[in-house]
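A.B. asks: Here the structure of chain V is known, so what remains is to put chains R, F and B with the ligands in place on it, guided by the hints.
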Amino acid sequence: MREITLADALNEALREEMLRDPDVILLGEEIGVFGGVYKVTRGLLEEFGPERVRDTPISETAIVGAALGASLLGLRPVAEIMYMDFLAVAMDQVLNHVPKARFMSGGQLSAPLVIRTQYSLGRVHGSQHSQCFPSWFLQAPGLKVVLPSTPYDGKGLLKAAIRDDDPVLFIESGALYRTKGEVPEEEYVLPLGRADVKREGEDLTIVAVSRVVVEAMKAADALEERGINAEVVDPRTIQPLDIDAIVDSVKKTSRLVVAEDGNRSGNIGATIAAEVVERAFDYLDAPIVRVAPPDMPIPFSPELEQAYMPDADKVVSAALGLFG
Amino acid sequence: MREITLADALNEALREEMLRDPDVILLGEEIGVFGGVYKVTRGLLEEFGPERVRDTPISETAIVGAALGASLLGLRPVAEIMYMDFLAVAMDQVLNHVPKARFMSGGQLSAPLVIRTQYSLGRVHGSQHSQCFPSWFLQAPGLKVVLPSTPYDGKGLLKAAIRDDDPVLFIESGALYRTKGEVPEEEYVLPLGRADVKREGEDLTIVAVSRVVVEAMKAADALEERGINAEVVDPRTIQPLDIDAIVDSVKKTSRLVVAEDGNRSGNIGATIAAEVVERAFDYLDAPIVRVAPPDMPIPFSPELEQAYMPDADKVVSAALGLFG
Amino acid sequence: MTITDLRSIPKEDYPRHGLSGERLLWMLRKMIEIRRFEEKAEELYLLKGQITGPLHLYLGQEAVAAGVMSALEREDMVLTTYRGHGHAIAKGVPMRPLMAELFGKSTGTCKGLSGSMHAAIYRERGVLFASAIVAGGVPIATGVALAMKHRGTRNVATVFFGDGAVNIGSFHEGLNLAAVWGLPVLFVCENNLYAMSTRVEEAMSSDSIAARASSYGMKTFIADGNDAASVYVATRKALEGIRRGEGPAFLECRTYKMKGHGVYDKAEYRPQEEEARWLERDPIEILKAKVLRDGLIEEAGIEKIEAEVEETVGESVDFSVRSPVLAFEELERYVYS
Amino acid sequence: MTITDLRSIPKEDYPRHGLSGERLLWMLRKMIEIRRFEEKAEELYLLKGQITGPLHLYLGQEAVAAGVMSALEREDMVLTTYRGHGHAIAKGVPMRPLMAELFGKSTGTCKGLSGSMHAAIYRERGVLFASAIVAGGVPIATGVALAMKHRGTRNVATVFFGDGAVNIGSFHEGLNLAAVWGLPVLFVCENNLYAMSTRVEEAMSSDSIAARASSYGMKTFIADGNDAASVYVATRKALEGIRRGEGPAFLECRTYKMKGHGVYDKAEYRPQEEEARWLERDPIEILKAKVLRDGLIEEAGIEKIEAEVEETVGESVDFSVRSPVLAFEELERYVYS
Ligand SMILES: Cc1ncc(C[n+]2csc(CCOP(=O)(O)OP(=O)(O)O)c2C)c(N)n1
Ligand SMILES: Cc1ncc(C[n+]2csc(CCOP(=O)(O)OP(=O)(O)O)c2C)c(N)n1
Ligand SMILES: [Mg+2]
Ligand SMILES: [Mg+2]
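Sequence lines, in order, name chains V, R, F and B.
All residue numbers for the first sequence refer to our numbering, where the first residue is 1 and numbers rise by one.
All residue numbers for the second sequence refer to our numbering, where the first residue is 1 and numbers rise by one.
All residue numbers for the third sequence refer to our numbering, where the first residue is 1 and numbers rise by one.
All residue numbers for the fourth sequence refer to our numbering, where the first residue is 1 and numbers rise by one.
If you are wondering where the hints come from, they were derived from the structure by calculation, not from laboratory data.
Accuracy of the hints is not assured; some may be wrong.
Said to hold, decoys possible - Straight-line alpha carbon distances no greater than 16 angstroms define the calculated EDC-like cross-link-like pairs of lysine to aspartate or glutamate that follow:
#, chain 1, residue 1, chain 2, residue 2
1, F, Lys149, V, Glu51
2, R, Lys39, F, Asp265
3, F, Lys288, F, Glu22
4, F, Lys149, V, Asp23
5, F, Lys259, F, Glu273
6, R, Lys39, F, Glu268
7, B, Lys149, R, Glu51
8, B, Lys149, R, Asp23
9, V, Lys39, B, Glu268
10, V, Lys39, B, Asp265
Here chain V stands alone, though its shape is the one from the complex (with noise of 0.2 angstroms):
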């Protein structure tokens, strides 16, 4: 099959949908004339014009609001928001306005759009542009949040974020859009609340997020020359969570890691853990272990960076931790 990257796979998904339904917009900072500063909306303002690809003023919550409000009138507006970081200028729309429509009007709305960002975190960035906090929307009930960690993943499920009729946070890794992966030329379109189990394994489940899935593979590889035999699973979207897969896997293998790119204390992995020690207590053999960033801040200097992040060897010897 061909291979194309990440960032390619979500230009088709958009690309596809436009052409698809005439409700498709785009609107945000970049994505026209630039073509997106990660080139993920590049030819789009050619093909679509600039009715349908518009480029906005620097007004993070305006993005977010006129996405919200032409939703409410039926467009399904997908709306970039640069770097995730940002969402924070337009949490007001994110939190207090865009997950509520549908509740706060007894079912008479519906606000069918998508909001798309991405963490920067791997890319030398620093603390106010490499943020990864998924795990905030999960207190955000109404949303739902998608995180792919593969060109596939990130093509199907853009197309079913886009088609959603609830509102779909869709966070990226910018780390990940030059890695290619597998993706037919066929249209198909994934679930959205359903995990993936990215390998399968016997001796212990390795959750892992996004960006992370990519090392927990790698981890994976490496704990299969040490004789364990791990499986990976990557939940893809959050809210909803798959947990009865991942509960599944964990009743399998009795061993859970769970492996991402929010900080340690509040992350989806908190919530995961929490989960399953409730859901598959019995099941356990070891603790969990979560396998994340520290407590602080996201430090600039490259080689500080890169021991802050979470990578293969940390998953293999966190993994290593539950045997012994």
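C.D. replies: The following block gives chains R, F and B with the ligands in isolation, referenced to the frame of chain V:
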């Protein structure tokens, strides 16, 4: 000892610190002429004048940003954000700036500000005025996060927060403002980062946060009647989190219930459960159970809001589930 | 950009502005509906305790809702705030679901999930959203207008907010984007001089709200918010340009609340003399005087309206009292579709 | 409020404005320092790969930093953005720690924790903070000024930002609060016509950035951002009012980047003709021509400056290369005090 309300206890803390240190200033909406919508700042404008008690326009980003800026030159501003929901409006400052001044400057700066806010769950305020999401700030390292549950704690912790050299997010429960408790006449300051065992017990640990501490205490009484002797631990600050105190309690009791007002996915309890299962796995005799609102926006209708909220009964049944 | 002051509309210009007798009487009826509805709500809250939670009354500002809605078309969309009962009624939301929402009942506009602060959500009548975050609706309205433009309709998104809203970032970003993109939005600021206890001039240093708005490059109008005719004419003029595709317009209506910020607030921070001066300018009395003077209706006719409205309000209360609360198990259905 | 255009300062007014030979030469030196520092940084990034991460060059805007800083006093505080090397150098930050920060070394201004985008944090010289969130520094500067006023000093907080920053909420809220409270802030907008690929007029519909600023009720000045003399004079005038306690002032400097947004960006979206026109107005050449013409210095003198600067830049690179990276274990100390 005299009994005063939480609102009055907080008012005393502000007043005493303003008397002690001329660098303490207050800013926020309606804190002056109006005395604060919940009267926490009542009388302070009259006593300290408009230079130190500053009514602001409705502009939360400016409020937090200005507090941060003033703190960088050594003032100790206490900014009030009227409802926790409105923190979202100021989130760029709260996430991207306030917690990082020290780190990003390599230790050149410190930001000794306090952001006071309250969540109004239990006061029939609906989806945009009741939210409780303290766990977000576990993913904003550099901030300290305080959630007092009694007038005594409120006063002692607010004074500590003002004196602390790091930024502190001080989250009050609006539903508790009128509850009374013993507060000594003499000055005292409580340490940040220290949990408080609100009730000792042997059979079960209930970790409860903010408003829910009151419910947990009632639950403990009810459990006592059924022969279960519960220990109630109030973390009081969640960043830093006194995980040792919680783990010690669980090592004693072998059972843990965490109860709070943050919705189930991604809440404080998730982090506590994850930490406990990692550190005290071998001591646990039962799954860790969380009592928390479901993952949905907060309904307005008083009956529905009550059904949504954790209360003593829900804590009791969760606890009973662990024995059986 | 130009600022057009339409605070006083000479009587002889009424016909030219479309201020027919029918229109004036329609506005009067709407204003009476709002007045009686809210007086009842206040009573249910303060005396009977049947309504709880925040309750922000629109009393005194009725002319704004009536004047603006009279100029809007049914498919135009309205977004409002926690102070939205008046807008809802004037845009045609029936009183029963509106009142039931205040009670938190399943028959409410929002099934009791939202209460007074968001009761003004009623898609069927183009009352699209009510945000209790100050200026939260402003960027959303911009997006609603974007959809209207995208669809090629002639509709307009109208968003209401107070004087306190003009200092927050959402206001700035929403106005700027609407202006840059030339979207069909009517921004309506109800300047009642206070945001809670804070006076306009304590919160902003621009010359006036209208001046600030006009600096975004949009046509701006000033109306007398206690005179429905002035509000109607200003809205109509603003809409003309918007529907011609000239982009957004701004309308500042100068008015005053009869009561405090919320039902609990006695507004002691307002000078008595100022209050007295404004209360003398009761918008309903002003309009009544006009229609009586011009013989458009007799006292008896007004009494009849009053009686009908009284009955509708009463019915809405009975309806609300009788209605059930949603079952908690049902709530899940409203989180995701 | 008044807008004062100071884009051209007649030569005969120089003495009256404090534009002494000494000052002109100081500015020239600073501008050369910035130019050479950044050219070196670009080379280290593009050719040698010794610097990574985002790198936004100030090349072409040197006259703004030099002009503003020349008017500021040591205890005045400066806040800037991801494009802050120029401000840092002009305010007196030594090149060694500045360069080392770009390398991410422990000897950097921020110990290597922040990199180029926040390298301009150096408390000792009043370079207080550098935010890479557009307009993030604006409300913070307002707070810095609040502290200055509270302490009764005569100091001023100066905050730099681009033309793209004027459309975001933080800008609006920060300006409004500073104006209402009459705080000593100088807001400096470096209008280089573009925010990334977005032209000013595509992002805002106000007449000009200066017009927008002045609508907040503050004195506003326009300077030629490629002419250090114009910037200096405008800053000086702005500061006079601020230090007299008249509240904040705003300065729009019209200028142009020699390069793209970041080192990777070739700025192909800019018309060549426009680029050529601006590049002809190199701020260093403009100032050089002035000082040579007036006999304040000879060619040889400038060459001497160039040589000295070259050496300092080279040293700063050696220093950076030699410096260690902080141990990861040390980082914890910088999270909480
Ligand atoms: C972002 C935000 N900040 C603060 C509040 C609290 N609040 C609610 S209404 C209000 C005053 C608003 O005044 P104005 O805009 O003049 O409207 P009015 O109440 O006079 O109709 C405030 C401060 C809020 N709801 N949202
Ligand atoms: C809130 C926010 N949105 C977007 C960005 C991404 N971004 C960084 S610089 C920039 C352009 C800023 O342009 P301008 O203010 O004109 O400054 P210049 O780069 O021209 O100096 C953008 C969009 C950001 N850093 N912060
Ligand atoms: Mg008002
Ligand atoms: Mg620019």
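A.B. asks: Are there hints from earlier that the structure breaks, and if so, what are their numbers?
C.D. replies: none
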